[in-house]
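J.: The chain contents come next:
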Amino acid sequence: MDVSPGEFVVFTGPSGCGKTTICRCLNGLIPNFYSGDFFGELVVDDLNVKEHTTAEMAAHVGLVFQNPENQLFSLSIERDVAFGPENMGLSREETRKRVDWALEVTGITALKDKPPYELSGGQQQRAAIAAVLAMQPKVIVLDEPTSFLDPRSALEILEVISNLNRQLGITIILVEHRLDIVSKHANRVIVMDDGRIVLDGDPRDVYGEQARLIGIGLPRVTTLFNLLRKEGLEFSQTPITVDEAARELRKMLSP
Amino acid sequence: MIQTEDLRFAYPSSLEVLRGIDLTINDGEFVAIMGENGAGKTTLVKTFNGLLMPTAGRVRVDGVDTRESSVAKLSKDVGLVFQNPDHQLFSETVREELAFSLRNFGYGEETIERRVTTILETLDLARYTESSPFVLSGGERKRVALAAVLVWNPKHIILDEPTIGQDYQQKDRLRNFIVQLNSQGKTVIIITHDVEFVAECRPRIVLLSKGLVLGDGPSDDLLSDEQLLKKASLTRPQIGELMHKLRDFGLPDTAINAYSAEHAILQVLGRKR
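Sequences listed follow chains A and B, in order.
Quick note on numbering: this note's numbering labels position 164 of the first sequence as 164, and the sequence is numbered without any gaps.
Quick note on numbering: this note's numbering labels position 30 of the second sequence as 1030, and the sequence is numbered without any gaps.
With the rest of the complex left out, here is chain B:
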C-alpha cells in the first residue's frame, strides 16, 4: 500500500510543486495519474520510491515512512519506469541492461538468465537480446526500460507515460500486460495523457492539477465530467465525446470506449423497436 499524508514538495528555490496530497493506493490497484503538463505527476511518483523526500507531510510504502528507508530498499518494492528511456538505459546489450539490477540484488546467474529470457519474450524483445539498447527505436527502447524494471519483480510498478511512441498494437499488448500484472496482484500506477488508452483500460483515475488532487474516482465518471476535464487540460475520449453529443437520445456519456458505446446504442435501439 502506498499512502501519502499532506504530502508537500518543493524543488530548491522554487514554489511548491506538490501542495498537500492525501492519497491511498491499495495493493493490487490499477491507477492512472492524469493532469496537465507541470501538474506534479512525475514529482509525485518520485516520492513513492524515495527518489524525492517530502519537504512536509509523509509518504508510507507498505507501512514504512520513506524517510526511514532508502532508495535501494524502496526500489526493490517500487519499480519506476521513467518517461524517457534514455535516462535509464546505459548497458551495451539488452541482456546486460536487464541482468544489471538482478546482479545487484544478488540473484544467481541461472535465475538471472531465466528471468531475462522470460521477460524479453513477454515484451516481444527476444530478438534484441544481444543488441545495444541505443540502436533500437524509441518505442522499443521504452519497452527495454520497462523490461529492466519488471525483471526484478517489484510489488508496485509505476510507468511514466508508457504509451508515448508506441503504436497501436504495442499499446494493445501493453494493456493486456498491465491487466496480467494486475491480476497477479501487483499494484500498477501509470502516468499518462493518453485518454484513449485510459478509456480502454478504465482504471481508477487520480486527477492532479497544480500540485493538488482535483478528482479521484472511476474512469467512466472522471472522463465524462466536463468541468473537471477542462480544469485538468484533458479532453473526453473520442467515444465519450460522441455519446455526449447524442445524450438527447438517452445515450450515456459515461460510455467511454467502443465496446460500452456499442452496448448502449444497441440497448437504446432495442427499446425503440
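Okay, chain A solo, but in the shape it has when bound:
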C-alpha cells in the first residue's frame, strides 16, 4: 500500500478486519508498544517505524481515537494541547504559537481555560484533534472519531478534518464504518477484509457488488440507486453523495 502526501483515505471493512491494527502501526505503537509478530516494512514520512520510537513518530503521525475521553487528561484544554509540543522540546514561544494556532484551526479558542470534562463530546474531540495538530504532523490518523458524537457534532468534526486536508495539505487516514457521512470528503477508499486489502480506489469504483458482499455499508443514496436500477431505471453514474443523487434524480424527474 502506498499513500501519497495530501490524500484523504478512508479505511473500512467488517469488525476485526484489521483497521485499528493498521492505525496503531502507522505511528509505531505497533511494533514498539504492543507485542506480537510484525513482518514487512512500514515507512511513514521517510521514517521506518521499526527504527523509531513512538515518541519520535508522534511528531510525524498524529493519532486520534474513538473516545476523546481517553486522550484528554489535563485540567485545561490549553494544557492538553501544549503537552505534545512541550514534550518535543520546543521553546515556550514556539509552543505558545502552535497551541494558539491549533485551538484556532479547530475552533475552540474560547474554551481553552476549561477542563475537558466540562466540554461536550464534540468539543472534546476537537480538543483531541487540536492536541495532535499542535505537533504539526504530516499525517493524521483517526479511528472512528465521530462515533460517540451526536450527528450534528459528527458532521462538524468531519468538516474540521476535511479543512486540515484541503487547506493545510495534511494527509488524512480515517477509519470509519459509516460511509454515508465520509464519502464526500474522501478521494480514496480502502476496503479491508480478514487482514488484507481487498479493494482500493476512488469511492465510485469501490462501492460495487464486491464491497456489498463483503458486508460494507454503502452510502444509502448508493443503495437507493441500486434499487432503482433493479426496477429498470437507468442512470449515467452511481452517486455517493446526496448532492450527486439529487442531480441525477432531478434530470430524471424534470418534465
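Since the hints were made in silico from the structure, they are not lab data.
As the structure is a prediction and not an experimental result, all values here were calculated from the model.
Backbone N, C-alpha and C fix where the C-beta goes; we use that ideal spot for every residue, glycine too.
There's no promise every hint is true.
[Claimed, not checked] Listed next, with one range per pair, are the computed distances between beta-carbon atoms:
#1 B:1134 x A:114: 30 to 36 Å
#2 B:1137 x A:115: 27 to 33 Å
#3 A:31 x B:1134: 18 to 24 Å
#4 A:155 x B:1026: 30 to 36 Å
#5 B:1126 x A:234: 41 to 47 Å
#6 B:1087 x A:234: 48 to 54 Å
Assemble the complex: chain A is given as a structure, and chain B must be docked to it using the hints.
T.: Here is chain B on its own, set in the frame of chain A:
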C-alpha cells in the same frame, strides 16, 4: 409498562439533568431515545431499573413505584445494556459472564447451559464461548454485554448506544434481532445517535433536549422536522435529506430510508408516464 410522572433528577451538587419528564412506554413498544450529547438520555433510562431514584416525581415499572422496589428486583424485569461494555463485563470467559446472573437468579445448571448456548448462537458469539471477553474486539464485547442481559430474559430491554463500533452486517443483524425480540412482545428501548439505524427500524422516537421531552412520535415525522432536529443536534437521515432536496417534484421528506424512497420515486415517475 414504564411510566414517568414529572420525573426530575439531579446529581449531587449539580443542576437538574432531568427537568420534569412525563412519558409512558407501553409493553411491547419499540422506542428510540435520541437527543444531543448531555441531553439526559442515559440518566433517564437509569431511573427505569432503579439505578437512580428520582429527586422528584416518580417512575413506575409495571405499576410499581421504583422507590418501593429494589435494583435486584427491577433488573430482573428491566435489562439495561450499558454503552461501554467494559463497565459491565468482568468474568474470565464469555460463558461465565452469561452464567453469572442466571446463577444469581437461582436457575439450575442445565437451564443455564441451554440458555447460554442459545443466546451465544443467536448473537454470532458461539466461537468465543471459552474466550476471555477482554481479548475480543470492541464490537464483539458489546454483543457479549448484550447477551449477558438477554440471557435472563427481561421483559423490558434497554440498549444504550448499541450500534457504536458495530459494522454494517452486525447492525443489520442487530436490527433483525430487535424486531424479533419486539415480536415476542418485549419492550425494546434504544438510546442512539445513529439516525440511519433509526431510519431503517422506524421506531417511535422520544427526543430529549436539556432534560425535557422535545418531541415524541413516529420516526417518519420526527426525522423530517427540520426545527426539531436542529434543536436536538440531530440531522436528517441521508435519504430524508435527498427527498427534502427534491420536494419540489412531489417527493415526501418523510421517506427516510432507501425502500420508502424507492417507492415514492416510482410513484412520482408512474404518475408522469
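J.: With reference to the structure, classify each hint as holding or not holding.
T.: Right, here's what the structure says about each hint:
For the hinted restraint 30 to 36 Å between residue 1134 (chain B) and residue 114 (chain A), the CB-CB distance of approximately 33 Å keeps it satisfied. As the Cβ distance of residue 1137 (chain B) to residue 115 (chain A) is approximately 31 Å, the hint placing it in 27 to 33 Å holds. With their beta carbons about 22 Å apart, residue 31 (chain A) and residue 1134 (chain B) fall inside the hinted range of 18 to 24 Å. The hinted range of 30 to 36 Å is satisfied by residue 155 (chain A) and residue 1026 (chain B), whose Cβ atoms lie roughly 34 Å apart.
The hint said 41 to 47 Å for the Cβ distance between residue 1126 (chain B) and residue 234 (chain A), and at roughly 45 Å that hint holds. Look at residue 1087 (chain B) against residue 234 (chain A): about 51 Å separates their beta carbons, and that is inside 48 to 54 Å.
This entry satisfies every hint, going by the numbered hints stated previously.
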